[in-house]
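Protein chains: 2
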Amino acid sequence: MDSLEYQEGRTELDTLGIFALVDRLSDGFERHHDTTVKGVGDDCAVLGTSPVKTLVTVNTLAEGVHFDMMYTPLKHLGYKAVAVSVSNIVAMNGRPKQIEVSIAVSNRYSLEALEELYAGIRLCCDRYDIDLVGGDTVSSRSGMVITVTAIGEVDEDKITYRTGAKLHDLVCVSGDLGSAYSGLLILEREKVTYQANPDFQPDLDSYDYVLERFLKPEPRIDIVQKLSDAGVVPTSMIDVSDGLASDLLHICQSSHCGCEVYEEHIPIDYQTTRVCSEMSNNMLPVSNALNGGGDYELLFTIDQKDYEKVKDMEGVHIIGHITEEGMPAVMVTPQNTTITLVAQGYRN
Amino acid sequence: MDSLEYQEGRTELDTLGIFALVDRLSDGFERHHDTTVKGVGDDCAVLGTSPVKTLVTVNTLAEGVHFDMMYTPLKHLGYKAVAVSVSNIVAMNGRPKQIEVSIAVSNRYSLEALEELYAGIRLCCDRYDIDLVGGDTVSSRSGMVITVTAIGEVDEDKITYRTGAKLHDLVCVSGDLGSAYSGLLILEREKVTYQANPDFQPDLDSYDYVLERFLKPEPRIDIVQKLSDAGVVPTSMIDVSDGLASDLLHICQSSHCGCEVYEEHIPIDYQTTRVCSEMSNNMLPVSNALNGGGDYELLFTIDQKDYEKVKDMEGVHIIGHITEEGMPAVMVTPQNTTITLVAQGYRN
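Protein sequences appear in the order of chains A and B.
Taking our numbering, the leading residue of the first sequence gets 72, the next gets one more, and so forth.
Taking our numbering, the leading residue of the second sequence gets 72, the next gets one more, and so forth.
Certain hints may be false.
Since the list gives no way to pick out one identical chain from another, each pair is judged satisfied if it fits inside one copy or across any two copies.
The calculated lysine to aspartate or glutamate pairs, modelled on DMTMM-like cross-linking and capped at a C-alpha distance of 20 angstroms, are [as the list claims (entries may be wrong)]:
#	residue 1	residue 2
1	Lys229	Glu283
2	Lys382	Asp94
3	Lys109	Asp200
4	Lys380	Asp98
5	Lys109	Glu224
6	Lys237	Glu224
7	Lys146	Glu101
8	Lys376	Asp197
9	Lys146	Glu83
10	Lys237	Glu395
11	Lys262	Glu349
12	Lys382	Glu183
13	Lys287	Glu83
14	Lys287	Glu259
15	Lys109	Asp197
16	Lys376	Asp300
17	Lys376	Asp98
18	Lys146	Asp98
19	Lys376	Glu335
20	Lys146	Asp94
Note that these hints are calculated values from the structure, not bench results.
Keep in mind that this is a model prediction, so the values were computed, not measured.
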């Protein structure tokens, strides 16, 4: 009866980009309700008829793919699961309000383990004023899968879709990029060492920043607040979950434009640079920024008229500008070489 | 580093009831927003400040626990995943509007398999006028886990919580009970036969009703509509996902009351009775109704004044009445024996 693995004309999932997969799967669905303002295709769905819209988003983390129990404290995992969903609300210029948490978990986990996970969920909820309003806890045959549904609000005239970037807009990013992936590289390196020699005690102190960036990312609600205080509504916005390259391409494809960003303006922390220098393959820090992902910083575009308001805003970096439709998304190096940005394949 | 399996003072998850687990995990979370009308503890969260409230619920189905790929057509699985979440919206007397679908899936599945799953999701969406507005598709190391977030609306004065049942209210249930579990029993029996002899072609035709009840349950939106047309607002309501016994106890515990239901009034289909008679352990059909679960019928209470409006309503059965606080939840047999109902343990 089960013929999953022996189909004729089978198309492997990993041959598809994430864009193609989501587009193809949700293709042909009709819209039945006026209250569905925006469905598939952005960081959140936008719902409702009143001037204050409801935002809804779901994000799933799977054991062995998004987290490895060898080096992921459960409390951090709970925190992160909330943070990544909340980050999607923030990326629509919204205010997170509630979450529901669904967990599929094997008997390998004890009640105490789940309580530790929930301690992290609670920490993130308390930090960002979010109410836990429901969820589902089910058995699974192996590992843990956590899905967090986040619900938020946004004023109609302040919604920032991926679609609004226009010619000459400035491209901005918050914080620094590539540090989360650098943290992951360190954890993977220490895991290999530990597996070879279980008496080995990893020294992780000097990597504290990149480790925290990977294990316990923060949604940049503070940046959205600063923009609001300055009277700036970005023309488009997304959170950097897949890496700068993929997420810039999301904006360019959705907004029908190209862009030019300058390598020297891409914010990279010194610990990221140090981690790259330690890796045997002489990794370039900018590669981590472009392709690493998991930073959950905000990538957004602003109208040139808002330049003065943003140029000295703490934690915000102007890294380039939007070019016209038909132009590629490129990075310009300090040597004035132009590199066309390419999306990484199937996102995990 | 990983010490999940070797903790001191470890409490196994399967020693806990589902009530205890959810209560314990969400204990100590504070409410930050007035828009959170109702959080954990009912079929849905109730959100918003306007007279039309937003309902949100999540439900997760895990491979090997809730479905077995040996006998679950992917199209049915997609349909069911939507139906069970929508059923929670209906159980609050609400109208389903939107869903988001999150899938963790291993490379064992092809694009074509996911398309088949989405064909079922679409069928259910089209049937019940629901918009697919988002989701997440991630890799998993093994099997498939599907989480559906459903969003709906309900007029403030028509919300039916589990908490509203009061002394002398009548206990009602829609459709029939125990058939979904009977379908599962047949599928499990045929699976064993097939594994022993792969040339065996199962004859499932005469079990069509119970199989469909298990594989493709329907949310009872029609019943909620009939109640609305008749001007009846149930005093409490829940959908029968865990079996009549557990779900009656949910209502009794939430409403601080007891109840008495009559075995002879519990609706049971003849196919359910036939399946039970075929099973080697002489299973009682009423056991399937009480403990089988998965029927997704509506269990609700109504004020006695609404008796005339409900007594001849097609698809609705009055099975008992609410007794006072401190009394147990019991079933009275045709021989006038009283059996105290017990919740089944940890719900999968």
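Output the numbers, in ascending order, of every earlier hint that fails for this structure.
1, 2, 4, 6, 8, 12, 13, 17 and 19
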